[in-house]
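Listed below are the residues making up each chain.
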Amino acid sequence: DARVTQTPRHKVTEMGQEVTMRCQPILGHNTVFWYRQTMMQGLELLAYFRNRAPLDDSGMPKDRFSAEMPDATLATLKIQPSEPRDSAVYFCASGLVLAGGRWGYNEQFFGPGTRLTVL
Amino acid sequence: AQRVTQPEKLLSVFKGAPVELKCNYSYSGSPELFWYVQYSRQRLQLLLRHISRESIKGFTADLNKGETSFHLKKPFAQEEDSAMYYCALSGKTSGSRLTFGEGTQLTVNP
Chain G
411 DARVTQTPRH KVTEMGQEVT MRCQPILGHN TVFWYRQTMM QGLELLAYFR NRAPLDDSGM
471 PKDRFSAEMP DATLATLKIQ PSEPRDSAVY FCASGLVLAG GRWGYNEQFF GPGTRLTVL
Chain B
-11 AQRVTQPEKL LSVFKGAPVE LKCNYSYSGS PELFWYVQYS RQRLQLLLRH ISRESIKGFT
49 ADLNKGETSF HLKKPFAQEE DSAMYYCALS GKTSGSRLTF GEGTQLTVNP
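Protein chains in written order, with my numbering: chain G, 411 to 529; chain B, -11 to 98.
Simulated from the structure, these hints should not be mistaken for lab results. Ideal placement from N, C-alpha and C gives every residue a C-beta, glycine not left out. Some hints here could point you the wrong way.
Stated by the list, open to error - Taking CB as the label site, the calculated pair distances span:
hint	chain 1	residue 1	chain 2	residue 2	range
1	B	Glu67	G	Arg413	21 to 29 Å
2	B	Pro63	G	Arg474	41 to 49 Å
3	B	Gln93	G	Ser476	29 to 37 Å
4	B	Leu(-2)	G	Ala509	39 to 47 Å
5	B	Ser43	G	Arg460	30 to 38 Å
What the hints assert, rightly or not - Examples of chain B residues toward chain G, derived with CB under 7 Å:
hint	residue
6	Arg85
7	Glu90
8	Gly91
Let the sequences and hints guide you as you build the complete structure.
Below, the structure is given as structure tokens:
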């Protein structure tokens, strides 16, 4: 049963520290998303990639957040420096977008999330 | 621009009662609509996709293009249905990105 994996599952850090979150998408998926979930804002799209190329990162605070896909099996989201308002659950999701833009059937999966607390 | 609206943040029903979670959308073109469910402290899971026209765990959702709605329904709610439900939209003109609604927290009381 293929699943998206994320590490770490929990992270507590102090303000100003660098935080790196990792995601391993499902093998064969060509689209990877980073979301942030908070009680106040719900699910916010931060960035997403298609075939490792960034398509949209307009949801990220550019001065402190960065997202990359160094290879097809790894996506990273970094926060430097971290701030208390960054405390949230960060989800990675992967899927297969077919030619023409439609999603592959049953091909959208979320990771378990990284629960980040910045003190 | 694409937008998804779930007007109810909280919905509470009794076990065995019908439940309807509302979802309205705006999109220029033919969107794909989805319902995701998130049980307590778990990952989001795809529940329904309008194209597949399935019934999952007793839930159904019909795309109404005239009313731009995709409401989620279940005739008899169960306690294990308590969860956060997100309606989402994807469209070709936006690179197939998913836009989520604000979510509805469903509580089914015994």
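Each hint, compared with the structure:
The hint said 21 to 29 Å for the Cβ distance between B:Glu67 and G:Arg413, and at roughly 26 Å that hint holds. For the pair B:Pro63 and G:Arg474, the supplied restraint of 41 to 49 Å holds, since their beta-carbon distance comes to about 48 Å. Against the hinted window of 29 to 37 Å, the Cβ-Cβ separation of B:Gln93 and G:Ser476 comes to about 32 Å, which satisfies the hint. Checked against the given bound of 39 to 47 Å, the beta carbons of B:Leu(-2) and G:Ala509, roughly 41 Å apart, stay inside it.
A hinted range of 30 to 38 Å holds for the C-beta pair B:Ser43 and G:Arg460, which are about 32 Å apart. Below 7 Å, beta-carbon pairs count as interface contacts, and B:Arg85 has one with chain G at about 6 Å; its hint therefore holds. Checking B:Glu90 against chain G by beta carbon gives a least distance of about 5 Å; that is within 7 Å, so the hint holds. Using the Cβ-Cβ criterion of 7 Å, the hint placing B:Gly91 at the interface with chain G is satisfied: the shortest such distance is roughly 5 Å.
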